[in-house]
Amino acid sequence: MNNVFVYIELENGAVADVSLELLTKGRELADTLKVKLEAVVIGENLAGIEKELAKYGADTVWVADDKIFAPFRTLPHTAVMCGLIEQEKPQIALFGATPVGRDFAPRVSSALHSGLTADCTQLVIGDHADPKTGKGYTNLLYQIRPAFGGNIIATIVNPDHRPQMATVREGVMRKEEAAKPHAGEVRKIDWQKFVKDTDLAVKIIDRQIEERKINIKGASVIVAGGYGMGSKENFQLVHELAEVLGAEVGASRAAVDAGFTDHARQIGQTGVTVRPKLYIACGISGQIQHTAGMDQSSMIISINTDPEAPINKIADYAITGDVNDVIPKMIKYYKQNSK
Amino acid sequence: MMKKQLNIVVLAKQVPDTRNVGKDAMTPEGTVNRSALPAIFNPEDLNALEMALHIRELAGNATVRVLTMGPARAADIIRDAMFRGADGGYLLSGREFAGSDTLATSYALSCALRKIQPDLIVAGRQAIDGDTAQVGPQVAEKLGLPQVTYAEEIVELKEKSIVVKRRLDHGTEVVESPLPMVLTVNASAPECRPKNAKRVMKYKFALTPSEIAAAPDTEAARRATEKEYLQITEWAAADVNPDPQQLGLAGSPTKVKKIENVVFQAKEAKKLTAADCDIADLMVELIASHTLG
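Just so you know, the protein sequences line up as chains Z and G, in that order.
Numbering-wise (our numbering), the first sequence opens with residue 1 and increments by one.
Numbering-wise (our numbering), the second sequence opens with residue 340 and increments by one.
No lab work stands behind these hints, which were simulated from the structure alone.
Treat the hints with care, as some may be off.
As the list claims (entries may be wrong) - Pairs of lysine-lysine residues, derived as DSBU-like cross-links and limited to a Cα-Cα distance of at most 35 Å, are as follows:
#1 G:K609 / Z:K193
#2 Z:K132 / G:K596
#3 Z:K217 / G:K454
#4 Z:K329 / Z:K313
#5 Z:K132 / G:K594
#6 Z:K203 / G:K596
#7 Z:K132 / G:K597
#8 Z:K332 / Z:K193
#9 Z:K277 / G:K597
#10 G:K596 / Z:K34
#11 Z:K335 / G:K504
#12 G:K610 / Z:K36
#13 G:K454 / Z:K203
#14 Z:K34 / G:K543
#15 Z:K175 / G:K504
#16 Z:K135 / G:K596
#17 G:K610 / Z:K135
#18 G:K609 / Z:K313
#19 Z:K89 / G:K594
#20 G:K499 / Z:K203
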């Protein structure tokens, strides 16, 4: 009881990276709180899935295995999660901030009247005193996230409601196997108790899911373009530099919103978090929304016409100049000097 | 026989324009000066409005009304929606709602929606001031309705159900949901139609009762009082029969413990120009240090 829950998301039958990252963080939280880490898997053909989850620290693996659970649908997953939480009363429940987690975790929180913080960038255990009543709380989950378009960092707590729920984006937390495998004891969820016929009302008619082609998370060099690239046509320059350097292409949210490139390339709080060896920011102003997803890069080069652009505060090299001028020169001098 | 009217409600929010935090929006201490940010129609709620107007066209016999919770000035986005094609709107406003987190917000909206009894609720996926994407699903749960999130396109509107294409990270899914239900609309859905000049002329005097009371002797107030289509419905908390414990700060399980303004810590960046020699030196250095190549 009062353990830490992690909802395990499946991608083509395999455990999603974000869920392993959450288990790694969940293990750390459970150790601090001296409680168990429990994984919750809802899907089909799940035999043996506990082995990988145990490696990442799961003491218990709750399983609801039936064809009605795959592909993911909101209502049956919500019903199972709510039923199990009411039965087991975890103190913390973590979800990936993926299309799945962001779809059904709010529903779970609404049904249970427990607070949910979206897109956390840090999760820490700490104490809290209510500023009005002075009432003290120990061992709460600090849910830390940028807010207000990334202009502030907020620490959120849920003093009086359980579970304390949070979503975290893929790549934000580190993924690391536990020092030694944990028990990963399988326990079947008595899901028939929780799922009603009306939960099956929404039908999936068609699904077109592509393999992930873009892998910016694993790239050692990233060339990223921002709104300052000016246009979709001009964004091509970012691709040209990336190709010459053998790098992946990333983008800021402003560039994605403006339609310069795909959402899959978005780096930042509402996109992917990356830690490459080299990050070249082209025409990116550097709002915290973006820098939260790349400030762990080993080296940062910024190209911006504005010498005061916030990105320059975290850059190792700040080039003041026009991307249309600087990028072709970088290509030229890289080609001249390599090999 | 005339088909039953399909009543659609769009959930919309007036938000500070956090996308364009310019230099004047920052104080000398590097903190946000919120009053300097313009209040705008949340972008994805405009996609939601467009989808609702499109569904109204598919249905033939249908209405689209906007429901928003906010201060008096949030009536601006209801007028904006009317200029673009909405039939009217509801403003849910009062001190009781202050300090609401997403859960208290969705509770308040669900109380208003119980009163309206729409056949379809359409909301933007998320608002740019919080980016949580929680209110749509939380409202659906409170009303016990099915939901379809990240809607991009209406494939078919049937008498008792709706077929929707939704956008996922790496693909799309087509789903059919019975009505009534909640749709949340993705930014990749069609953009909202612009304001229509004739509608602007017709609805520019649409006012809430508070706005009429604040300036009763104006031409606008006189017109709005005479014509029912110019009256924006305004509800206080008591009008939607809520449990007061679930409203505002009291009804919010999440509490903000601490807010830190982001002030960038300056680190010594090596400053370069766009001159050939600077760029050439940099590339040589990157190759020599094996950062590149």
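Results of checking the hints against the structure:
At most 35 Å may separate the alpha-carbon atoms for a hinted pair to count; K609 of chain G and K193 of chain Z exceed this at roughly 63 Å. Distance check on the hinted pair: K132 of chain Z and K596 of chain G sit about 12 Å apart at the alpha-carbon level, within 35 Å; holds. A C-alpha spacing of about 47 Å is found between K217 of chain Z and K454 of chain G, which places the hinted pair above 35 Å, so the restraint is violated. Taken as a hint, the K329 of chain Z and K313 of chain Z pair is honoured in the structure, with Cα atoms around 24 Å apart against an allowance of 35 Å.
With a C-alpha separation of about 12 Å, the suggested pairing of K132 of chain Z with K594 of chain G holds against the 35 Å cut-off. With a C-alpha separation of about 41 Å, the suggested pairing of K203 of chain Z with K596 of chain G is violated against the 35 Å cut-off. For the proposed pair K132 of chain Z and K597 of chain G, the alpha carbon gap of about 14 Å is at most 35 Å, so the pair holds. Restraint check for K332 of chain Z and K193 of chain Z: not satisfied, since their Cα atoms lie roughly 66 Å apart, outside the 35 Å limit.
Distance check on the hinted pair: K277 of chain Z and K597 of chain G sit about 33 Å apart at the alpha-carbon level, within 35 Å; holds. Distance hint between K596 of chain G and K34 of chain Z is fulfilled; the C-alpha atoms sit about 24 Å from each other, no more than 35 Å. A hinted pair counts as satisfied when its Cα atoms are at most 35 Å apart, and K335 of chain Z with K504 of chain G does not qualify at roughly 46 Å. Taking the CA atoms of K610 of chain G and K36 of chain Z, the gap is about 51 Å. The hint is violated against a cut of 35 Å.
At most 35 Å may separate the alpha-carbon atoms for a hinted pair to count; K454 of chain G and K203 of chain Z meet this at roughly 29 Å. Straight-line distance between C-alpha atoms of K34 of chain Z and K543 of chain G comes to about 62 Å, which puts the hinted pair past the 35 Å bound. Between K175 of chain Z and K504 of chain G, the direct Cα distance comes to roughly 33 Å. Compliance with the 35 Å bound is thereby established for this hinted pair. For the hint linking K135 of chain Z to K596 of chain G, the alpha-carbon distance of about 13 Å falls within 35 Å, and the restraint holds.
Distance hint between K610 of chain G and K135 of chain Z is unfulfilled; the C-alpha atoms sit about 51 Å from each other, more than 35 Å. Between K609 of chain G and K313 of chain Z the CA atoms are separated by roughly 10 Å; this keeps the pair inside 35 Å, and the hint holds. The suggested pairing of K89 of chain Z with K594 of chain G holds, with an alpha-carbon distance near 21 Å, which does not exceed 35 Å. Our distance criterion of 35 Å between C-alpha atoms is met by K499 of chain G and K203 of chain Z, whose separation comes to about 14 Å.
Comparing the model with each numbered hint stated earlier shows that hints 1, 3, 6, 8, 11, 12, 14, 17 do not hold.
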